[in-house]
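Colleague: Given next are the chains, with one letter for each unit.
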Amino acid sequence: MKWPMVHTDTMLKSIVKSKWYPGIFQFPVLAVFIFITYELFFGPMNAHKNFGTALTWVLWWPVLPLLFLCMGRFWCAICPFATISDWVQKIVGNNRPVPRFLKKYGIWFIDVFFIMITWGDHVFGIVESPRGSGFMMVLIALGAITAGAFFERRTWCRYVCFLGGLAGNYSRAGMVELRGTPEKCRSCTVAACYKGGRKASGCPMFEFPKTMDTNARCNLCGNCLKNCPYDSPHISFRLPTKELWFIQRPRFEESFLAVVIMGIVFVQNITMVAIWQEAQTWLEHLLGTQEYAITFTVIFLIAMAIPVALLYFGSWGAAKKDGESVHMNFSRFGYSLIPLDFSAHMAHNLFHLLAEGKSIFNTGMAALGISVSSSSAAVVSMGTIHILQYVLLLLGMLGSMYTAYKISKSHYTAADILRITLPIGILIVVLTMANAYLFTLPMVHRM
Amino acid sequence: MISDGTRLKKVMCSVTAFLMFSMPALAANFSEKPLVVSMTQDDMSGHDMNKDDMSGHDMNKDDMSGHDMSKDDMDEHDMSGHDRETHETQTQDTSFSILSVFAGLSVLVIGIAGILKYMGIRKRR
Chain D
1 MKWPMVHTDT MLKSIVKSKW YPGIFQFPVL AVFIFITYEL FFGPMNAHKN
51 FGTALTWVLW WPVLPLLFLC MGRFWCAICP FATISDWVQK IVGNNRPVPR
101 FLKKYGIWFI DVFFIMITWG DHVFGIVESP RGSGFMMVLI ALGAITAGAF
151 FERRTWCRYV CFLGGLAGNY SRAGMVELRG TPEKCRSCTV AACYKGGRKA
201 SGCPMFEFPK TMDTNARCNL CGNCLKNCPY DSPHISFRLP TKELWFIQRP
251 RFEESFLAVV IMGIVFVQNI TMVAIWQEAQ TWLEHLLGTQ EYAITFTVIF
301 LIAMAIPVAL LYFGSWGAAK KDGESVHMNF SRFGYSLIPL DFSAHMAHNL
351 FHLLAEGKSI FNTGMAALGI SVSSSSAAVV SMGTIHILQY VLLLLGMLGS
401 MYTAYKISKS HYTAADILRI TLPIGILIVV LTMANAYLFT LPMVHRM
Chain G
1 MISDGTRLKK VMCSVTAFLM FSMPALAANF SEKPLVVSMT QDDMSGHDMN
51 KDDMSGHDMN KDDMSGHDMS KDDMDEHDMS GHDRETHETQ TQDTSFSILS
101 VFAGLSVLVI GIAGILKYMG IRKRR
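Going down the list, the protein sequences come from chains D and G. The numbering used here applies: residue 1 is where the first sequence begins, and numbers increase by one. The numbering used here applies: residue 1 is where the second sequence begins, and numbers increase by one.
The shape of chain G in the complex, shown without the other chains (with noise of 0.2 Å):
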């Protein structure tokens, strides 16, 4: 028979290694990296202007650069609404999961916390 010592190590092992694994990846979903990296120059040019309207009329080539906006910048003002819309829910969705994952394993913690106690007083008696 496995002792309640044993099983608690075991326990604790599986979810600190559910932690490792799953930490990286719910890191990676807080990163703002992929909206910027969606923006690609393709993205800019054929949709709502084509590729002369870019050739030194109002603007030059280095005013795109990047250099005069900040990375929030670019989230926030070059969004189209229906962007931002579709971004929002994205990012609302990851933060259910993540909290549903961390709800989870409060859940699965509390639970085995639960049902060892309830196998201790048993024991007892």
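The shape of chain D in the complex, shown without the other chains (with noise of 0.2 Å):
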């Protein structure tokens, strides 16, 4: 089933073919963006009070997960960091193809990458610390420009960044996707779309729309629908969910970052309770050390093993019941858990963003000069943010189990399917209990 159609000879086509697009919305971003790490860098020390930690953190962070699902990669067609790499490589670009480990290995460079700013966050307080802030904001521009350099297209995007990878798990489960139309590819001897033509380059993010089954990598960014003479790209909007149901050939480094991920919100989750301090102090006495980098490393090294571990002894209690290695199933059904993350990742952040969100405007406010007295930062009152969450816990549950369904549909006969999903099943539950338990603890505000 698919929804209405928006296709590309609508309102949506013009605007994405137009010669304006997508620079009319990367020019805005970019100001934002300079005014946000000069704020960082120069605005006040204390993270409360700067207006670019409460744009970056409690605006722009929380809400991307949201974007990322409605309108797949569009971010990344727009973001700030690109910009100043696409002007970087029209000046000085080398345009060398990009290096052969990066094309085995790009993936779980992103999931290193993404580990280690988290763990960076926590140990380093990037996140309380507006300079912090500010110096991962430009270390990511200069990686940007670096590969912008000397790589060709969007090298950096689609197989360094993290904040990629993070966009392609929630887009392949958003509800917009890019296709060719095959009859109209079927007889194309042009390519357009991937090598460039006279009104736009090629498509930035390596993708053949001809032979594309994943909005993952997509970036919308419309060079294949200026480039192509046959008018067959489209963009469509579709169920959300619905590509992780037939993955052909699942890769278990993308179900690796899905878990990855879940482990990540675990950390968040766990380090923003208010028992959080409590623990480690429990953890100092029988690690018999103060260091806060070992004793969070601990925990953070637990917390991102538990989604692991559960999912290998899920797919190992499948395995048993369809005779497909370990390995596989760990592939196959790891798909099924990037709702779940989602809704996990979002109701998390729905804290900073309804219980904090006030400072949004306060700490504008206060950069303009204007003090204004708030006692909370809270747009809405905690009750109804739990309510929230445990409603997108809810949804979260209900779509990676209905996806883990349909992975079974596609694959086994009738009779297996309800025993190979069981132990996949367990896992989404339990998972979603660890998720739903942490939410009813007492958070504490980053702003």
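The reader is advised that the hints may include incorrect statements.
Simulated pairs of lysine to aspartate or glutamate, DMTMM-like, Cα-Cα distance not exceeding 25 Å [said to hold, decoys possible]:
1. G/Lys117 <-> D/Glu152
2. D/Lys49 <-> G/Asp83
3. D/Lys49 <-> G/Glu88
4. D/Lys49 <-> G/Glu85
5. D/Lys242 <-> D/Glu253
Counterexamples of contact, computed for chain G against chain D with all Cβ distances above 10 Å [to be verified]:
6. Asp83
7. Lys117
8. Arg124
9. Arg125
Think of the hints as simulated: they come from the structure by calculation, not from any bench. Since this is a predicted model, take the numbers as computed values, not measurements. We put the beta carbon where it would ideally sit given N, CA and C, even for glycine.
Starting from two chains that each stand alone, build the complex the way the hints lay out.
Modeller: Take a look at the structure:
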């Protein structure tokens, strides 16, 4: 089933094919990015009072997963880091081919990069320190500039950027897709979508719409739409999670990323709950050290290992029924965790968005020199936030269960579906309950 | 003659090594720990009040033990105007240093890429 189409022959088509797109979005976003970076470096040192911190961690970061779900990787098309990289590439770009090791292990780089950023955030206090956040911004910008200066297209976005990994993970389950029209692509000998044409360069994400079967990497830049002489590529809306049901060649590293994101959400939740201090003291006594980096690393490793171990265990359970290897089941059913990933991530982010939302206004006013007296940064009550978090978790759980069922259905006979899906279903329920429990505990505000 | 590929590898290795060594130092710069460390007990005893003032008139020793104030409170409220100014200047200097390093690295990367591109164009001609 497809939702009512908004094909390229509609308003969407004219927007994406316009010569102003995506530049019309890139420039304002870049201007905001420059302002945020300035504010992070030269604004108030206290994160609670810094407008850049509020815009980054209370608005942008919490909203980002929702953007990926609703609009695919559109953010990547207008991302300020990529915009700078594109400019550098135009001026001094060497356009060398992507190194083979990046092509082969790129997603593992993303996995490691994501884990390291989360670890670094807690150990160096990136979020709590505006300078730390600024440091992270310029570090990413430098990476994007380097990739743009030496390598072709958007090597950074496709193979290295951890945000790109997150974007790919959620866009895969998202409600927007770009595909070529098979009848038109069949007779095509030009491949302007990939190679580029007079109107625009080739696909910056190394995708070929003719054979594209995932939206995990398409950033909806519209280059293929502009270049195609046959008007083949089209953008349409689809049922969220649908792409996950029919993945023909599951990749272990992509499933691993999905599980890692669940672990990261655990870490974020655990370190924000009020009992974290007590747990830390207990761990300090147990390990005999007061070094935060060590105690946090231990908790971090445990939190990351739990979902991986659970999926491995679930895959082992499924392997008993379907005769596949545990590795294959891990790769295949790892994708079914993406809806739960998204809902747990968004539920966590809702706390920042709704419990700290007013800080955007307060710090913004303060940046303009207007002092606002506000006792609370909350937009709605904690009760309302909790209800929304549980509703999101429930939707995510149902989405994950249904995805696991559909994956089983597309590979196994009707008689085996229930037996194979059951261990994965139990895993999904356990992860949901663990998240739900963490949301019942009082959380510490960032802002 | 060194090929462009080898030269590129060397450049990339140098940039990576520089980043690896400079990152911990830069990361340490935005840590706010030194601020807390700099306020020792001695700093409290004798400039504006003598030791006797601390002994039980308005507050007892426990009141000073930091439980009732967060780190942020220490940053903002307990510093005198002069200290705060000095601290802000130091922080701005740190910010300038971090930005300068990154700007320098970016210029270096762009410069090297530009040279390589120019050499590539010349070679083709």
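Colleague: Each of the hints needs a verdict: does it hold here or not?
Modeller: A quick look at each hint next to the structure:
1. The suggested pairing of G/Lys117 with D/Glu152 holds, with an alpha-carbon distance near 13 Å, which does not exceed 25 Å.
2. Note on D/Lys49 and G/Asp83: the hinted pairing holds, with a Cα-Cα distance of about 19 Å set against a maximum of 25 Å.
3. A threshold of 25 Å between alpha carbons decides the hint, and for D/Lys49 with G/Glu88 the separation of about 14 Å falls inside it, so the pair holds.
4. At most 25 Å may separate the alpha-carbon atoms for a hinted pair to count; D/Lys49 and G/Glu85 meet this at roughly 17 Å.
5. At most 25 Å may separate the alpha-carbon atoms for a hinted pair to count; D/Lys242 and D/Glu253 meet this at roughly 20 Å.
6. Look at G/Asp83: its CB is around 13 Å from the nearest CB on chain D, clear of 10 Å, so calling it non-interface holds up.
7. Its closest Cβ contact with chain D, about 5 Å, brings G/Lys117 to no more than 10 Å, contrary to its assignment away from the interface.
8. Listed as outside the interface, G/Arg124 is consistent with that label: its C-beta sits roughly 13 Å from the nearest C-beta of chain D, beyond the 10 Å cut-off.
9. No beta-carbon of chain D comes within 10 Å of the beta-carbon of G/Arg125; the shortest separation is about 16 Å.
Hint 7 from the list above is the single one not met by this structure.
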